[in-house]
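Novice: Whole structure, please, built from the sequences with the hints as guidance.
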Amino acid sequence: MLGLNKKDTSLLVIVAALVMFAPFILNPFPSDSGLAQFNAGYPDLMQRFVIFGIFAIGFNILFGLTGYLSFGHAAFLGVGSYSAVWMFKLLSMNVIPAIALAIVVSGLFAVLIGFVSLRRSGIYFSILTLAFAQMSFNLAYSVLTPITNGETGLQLTLNDPRILGESATADGSIPVTSLFGLEMRSTYEMVVGPWAFQFNAGYYLCGIIMLLAFYLSIRIFRSPFGMMLRAIKSNQTRLNYTGLNPRPYALAAFVISGMYAGLAGGLMASMDPLAGAERMQWTASGEVVLMTILGGTGTLIGPVLGAGFIKYFENIFSKINDTVLHNWFSFMPDGLEDFVVFLIHPFIGKGWHLTLGILFMLVVTFLPGGLVEGGQRISRMVKKKSDDDTNAKTTPAE
Amino acid sequence: MDAIILQILNGLDKGSAYALIALGLTLIFGTLGVVNFAHGALFMIGAFCAVTLSKILNLSFETVDPTQTDFLGNPLKVKTPYVMEWFGAETGAAIIDWAVPLAILFSIPIMIGIGFIMERGLIKHFYKREHADQILVTFGLAIVLQEVVKYFFGANPIPTGAPDVFKGSFDFGVMLGFDPNAIIYPYWRLVYFAFSAIIIGGVFAFLQFTTFGMVVRAGMADRETVGLLGINIDKRFTIMFGIAAAVAGLAGVMYAPINSPNYHMGMDFLVLSFVVVVVGGMGSLPGAVLAGFLLGVLESFASMNEIKSLIPGIDQIIIYVVAIIILLTRPRGLMGRKGVMEE
Amino acid sequence: MGILEVKDVGKRFGGLQALGDVNLSVAENTVHAIIGPNGAGKSTLLNCLVGKLIPDTGSVMFDGQSVLGRTPFEINQMGISRVFQTPEIFGELSVMENMMIPCFAKRDGSFRMHAIENMHNEKDIVEKAEAMLEDMNMADKRHMHSSSMSRGDKRRLEIGMCLAQEPRLLLLDEPTAGMARADTNNTIDLLKQIKEERDITIAIIEHDMHVVFSLSERITVLAQGTPLVEDTPENIKGHPKVREAYLGESA
Numbered sequence: 001m002l003g004l005n006k007k008d009t010s011l012l013v014i015v016a017a018l019v020m021f022a023p024f025i026l027n028p029f030p031s032d033s034g035l036a037q038f039n040a041g042y043p044d045l046m047q048r049f050v051i052f053g054i055f056a057i058g059f060n061i062l063f064g065l066t067g068y069l070s071f072g073h074a075a076f077l078g079v080g081s082y083s084a085v086w087m088f089k090l091l092s093m094n095v096i097p098a099i100a101l102a103i104v105v106s107g108l109f110a111v112l113i114g115f116v117s118l119r120r121s122g123i124y125f126s127i128l129t130l131a132f133a134q135m136s137f138n139l140a141y142s143v144l145t146p147i148t149n150g151e152t153g154l155q156l157t158l159n160d161p162r163i164l165g166e167s168a169t170a171d172g173s174i175p176v177t178s179l180f181g182l183e184m185r186s187t188y189e190m191v192v193g194p195w196a197f198q199f200n201a202g203y204y205l206c207g208i209i210m211l212l213a214f215y216l217s218i219r220i221f222r223s224p225f226g227m228m229l230r231a232i233k234s235n236q237t238r239l240n241y242t243g244l245n246p247r248p249y250a251l252a253a254f255v256i257s258g259m260y261a262g263l264a265g266g267l268m269a270s271m272d273p274l275a276g277a278e279r280m281q282w283t284a285s286g287e288v289v290l291m292t293i294l295g296g297t298g299t300l301i302g303p304v305l306g307a308g309f310i311k312y313f314e315n316i317f318s319k320i321n322d323t324v325l326h327n328w329f330s331f332m333p334d335g336l337e338d339f340v341v342f343l344i345h346p347f348i349g350k351g352w353h354l355t356l357g358i359l360f361m362l363v364v365t366f367l368p369g370g371l372v373e374g375g376q377r378i379s380r381m382v383k384k385k386s387d388d389d390t391n392a393k394t395t396p397a398e
Numbered sequence: 001m002d003a004i005i006l007q008i009l010n011g012l013d014k015g016s017a018y019a020l021i022a023l024g025l026t027l028i029f030g031t032l033g034v035v036n037f038a039h040g041a042l043f044m045i046g047a048f049c050a051v052t053l054s055k056i057l058n059l060s061f062e063t064v065d066p067t068q069t070d071f072l073g074n075p076l077k078v079k080t081p082y083v084m085e086w087f088g089a090e091t092g093a094a095i096i097d098w099a100v101p102l103a104i105l106f107s108i109p110i111m112i113g114i115g116f117i118m119e120r121g122l123i124k125h126f127y128k129r130e131h132a133d134q135i136l137v138t139f140g141l142a143i144v145l146q147e148v149v150k151y152f153f154g155a156n157p158i159p160t161g162a163p164d165v166f167k168g169s170f171d172f173g174v175m176l177g178f179d180p181n182a183i184i185y186p187y188w189r190l191v192y193f194a195f196s197a198i199i200i201g202g203v204f205a206f207l208q209f210t211t212f213g214m215v216v217r218a219g220m221a222d223r224e225t226v227g228l229l230g231i232n233i234d235k236r237f238t239i240m241f242g243i244a245a246a247v248a249g250l251a252g253v254m255y256a257p258i259n260s261p262n263y264h265m266g267m268d269f270l271v272l273s274f275v276v277v278v279v280g281g282m283g284s285l286p287g288a289v290l291a292g293f294l295l296g297v298l299e300s301f302a303s304m305n306e307i308k309s310l311i312p313g314i315d316q317i318i319i320y321v322v323a324i325i326i327l328l329t330r331p332r333g334l335m336g337r338k339g340v341m342e343e
Numbered sequence: 001m002g003i004l005e006v007k008d009v010g011k012r013f014g015g016l017q018a019l020g021d022v023n024l025s026v027a028e029n030t031v032h033a034i035i036g037p038n039g040a041g042k043s044t045l046l047n048c049l050v051g052k053l054i055p056d057t058g059s060v061m062f063d064g065q066s067v068l069g070r071t072p073f074e075i076n077q078m079g080i081s082r083v084f085q086t087p088e089i090f091g092e093l094s095v096m097e098n099m100m101i102p103c104f105a106k107r108d109g110s111f112r113m114h115a116i117e118n119m120h121n122e123k124d125i126v127e128k129a130e131a132m133l134e135d136m137n138m139a140d141k142r143h144m145h146s147s148s149m150s151r152g153d154k155r156r157l158e159i160g161m162c163l164a165q166e167p168r169l170l171l172l173d174e175p176t177a178g179m180a181r182a183d184t185n186n187t188i189d190l191l192k193q194i195k196e197e198r199d200i201t202i203a204i205i206e207h208d209m210h211v212v213f214s215l216s217e218r219i220t221v222l223a224q225g226t227p228l229v230e231d232t233p234e235n236i237k238g239h240p241k242v243r244e245a246y247l248g249e250s251a
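Residue numbers (UniProt numbering), protein chains in the order written: chain A, 1 to 398; chain B, 1 to 343; chain C, 1 to 251.
Honestly, I wouldn't trust all of these hints.
[Claimed, not checked] Derived pair list, reagent style EDC-like, types lysine to aspartate or glutamate, alpha-carbon separation capped at 16 angstroms:
(1) A:Lys89 / A:Glu166
(2) A:Lys350 / A:Glu314
(3) C:Lys237 / C:Asp208
(4) A:Lys233 / B:Glu130
(5) B:Lys77 / B:Glu62
(6) C:Lys154 / C:Asp140
(7) A:Lys233 / B:Glu62
(8) C:Lys141 / C:Asp124
(9) A:Lys383 / A:Glu373
(10) A:Lys233 / C:Glu92
(11) A:Lys233 / C:Glu88
(12) C:Lys154 / C:Asp124
The set of hints was computed from the structure by calculation and includes no laboratory data.
Specialist: Right, dumping it as structure tokens:
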């Protein structure tokens, strides 16, 4: 189907089902139960899942296939966001032109940075991309303030022209983003007993775009171009002596993944029309690297898993505080309870980054293949065990 | 002329910090072949050694002073640092005043210890892994160290003063025959520059004149051959890692009075130090030092108002622009050796 | 006029004259061996032919066109393929994929953006790669990870990949270095078979005299960066200068 083999098609169908039914799947706990805090089925978070999914899928096209580790991909995300917000300011509140401009501008930006950075490989490439991203970040904060609005960040105002729209709505407020009139923030709430499921227009737009992006990445992975990219990672010398020029291939991969990042940035601005330089910081670039590695570099589903995993736990961990912990461990004797809470305290709430850093080290050290490899290992162990069991049963009979 | 001298002087202290961090990065890269993204965190930890020592020295006990009263008429509680109690008011005050220089002694064992633990506990396992993995795991470590410091010391910068003698500035211009007030330079920055020069000289002398240093230099040139000679190169490299950590730490200790330490100063300096290493030439120690000072001074020139009005924003990006130009025209950097990290 | 003409090529590394005035002519459809003791400049010469090094002086003409100043992939597209001393293959790719890449390079040139195309629609490529694997006796290994093969198989795959590009000149850099006797003999047989079945010129750098004498039609002896003599294998065997410079060393 769709030019995919059976395995890839079923993968796509599964992901599509997960995305479409996410408002149910992510909301398993009744809203009045104590576990409701683990629900993730509200629009804002679900949007982040799919948007960062797109970001990571794109990053994986570069890093997973060619092995070029970019430490500056957040710059494209930031450029995408700024472009989209400018489109909302100047043209209209329709998200389509905004997203289109975000992709185009970040693509051009990626051509520029990629052309220079790809002159070198290995660690030099990582440092060059890092330098470019830091440079963009510094510029966004200083000289480019007329475009980026510096530290405050770029926002919509009542004085924006919006040629094809209106500067202000009838009641004098800033108009909201929409898709041909369908407001991105509009949410339908379905109440079933104690559950409340939320269906948000913005989430479904992002979700559909993510599915398209995911489908495109499968096609790229399975194409001759994808094979060339893997060849770059495997052996550049042989590639050169096989009459192939690695540079345009790598540049194409770099630009494609930059456009994915721009798309993610544009969607972010479409859901919430503001853009700030902190989106371009190199810790943000590090985060997408982690998502990809945690999920499984070079695998199709890995980046999506990684993005979901990190954004979910970021959300949960940030919400947990000492009171919540005391509630959880209240079954313990008082002294022990305090001690356990004291031990966990640095990792929750504002300590999320510490947890992230530790996770980073653990994954790189022990599970370089990420969650996908972990899953494969477990399934192999289970399989082996059941094989052993059948052997154990059959042997005595003989 | 005086303006130029002033900018050169202004660039020297930042340049010194770049040079010291880049020196350590190059030592680690040259000997162990590891790209250490956590090296900036070592600089930051050094700065916090100064903060910690200053806090320790200021530990006080409270006494009630019956001769003084607060506005309610109650006897006033007075805090007296323990050191002042133990060593007498005057010596104690001097010790507290000299907290930052004293932190040099305090930090050396700590930094070497951290270096050993890092190398033996983590980096060792990544010698044979890809550079990408090394970058990633040390990047994770940098985040962890940064967050730990943030947890204990908070997110705000902590002002840490230089000894009183070095506070204030002196008129450098008069000494060179310029008008008074043309070149005003804070004492501590001069101290920092001199200190860095001593450390850099020390590291080079150590590598040049000791057998240990000779083996390490040989190892940097050709690790396998030296290994074949039956010399336990790994053990020496571990020690080298400790030394590199100490150099970064010392750079941080002495930098504390120049810029109040905060938890993300390591990351800020790291990115620039990497650029310095690349400009100087991967694996070249003199290159790292030269490029450190060069970029420090260039940055200082770019922040002159005359230049900024000519090219707005140049002070923010000058280092990156130079690095990009160098990488594209001289891929090996200013003093890079052939065969080190090419493709 | 040979297919490969090397004229007065010199190359210096600092104070070391690696090559000095090398003249060499490789005739079309022959097997030409270049031999010489260690440090004679064989590898330097080879690197000058494929674009890895640029000689300081002289010219290198392939089929009437200069190769100097061209990058390795451009020279390869002109029709020169190179086999490395240690097999250079795409270790993380399957054997079949390894074979498909040179087929793409032959058909599409040095770069073509085929990002959405489906691999199964590239019937001509798949067929050609499969036929080539068949030729190399590797059809049963097509799904293997190429890095998990034996050294002899890797060498066989590498040669097959070079042939899939239908080169006019095949350069071999010590193709049997570090191989067991059986693998060496297999490689010799493979090269003999290639020579018989295809219109191809082979230039080979080799240490192993057994390989050299069982394959080559012309031999150039290189010593200290300059060609000492060039002749047929029979004459080379008995040549006093060669004995002195080269064979004497091992005798």
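Novice: Taking the hints in turn, state whether each one holds.
Specialist: Outcome of the hint check:
1. A:Lys89 / A:Glu166: Measuring from Cα to Cα gives roughly 10 angstroms; hence the hint holds.
2. A:Lys350 / A:Glu314: With Cα atoms ~10 angstroms apart, Lys350 (chain A) and Glu314 (chain A) stay inside 16 angstroms; holds.
3. C:Lys237 / C:Asp208: Status holds; Cα separation ~14 angstroms.
4. A:Lys233 / B:Glu130: Holds. Lys233 (chain A) to Glu130 (chain B) sits at ~12 angstroms (cutoff 16 angstroms).
5. B:Lys77 / B:Glu62: OK: Lys77 (chain B) and Glu62 (chain B) at ~6 angstroms, within 16 angstroms.
6. C:Lys154 / C:Asp140: The given pair, whose Cα atoms are some 14 angstroms apart, holds under the 16 angstroms limit.
7. A:Lys233 / B:Glu62: violated (65 angstroms)
8. C:Lys141 / C:Asp124: violated (20 angstroms)
9. A:Lys383 / A:Glu373: Holds: Lys383 (chain A) and Glu373 (chain A) sit about 15 angstroms apart, inside 16 angstroms.
10. A:Lys233 / C:Glu92: holds (9 angstroms)
11. A:Lys233 / C:Glu88: holds (13 angstroms)
12. C:Lys154 / C:Asp124: This hinted pair is violated, its Cα atoms lying about 24 angstroms apart.
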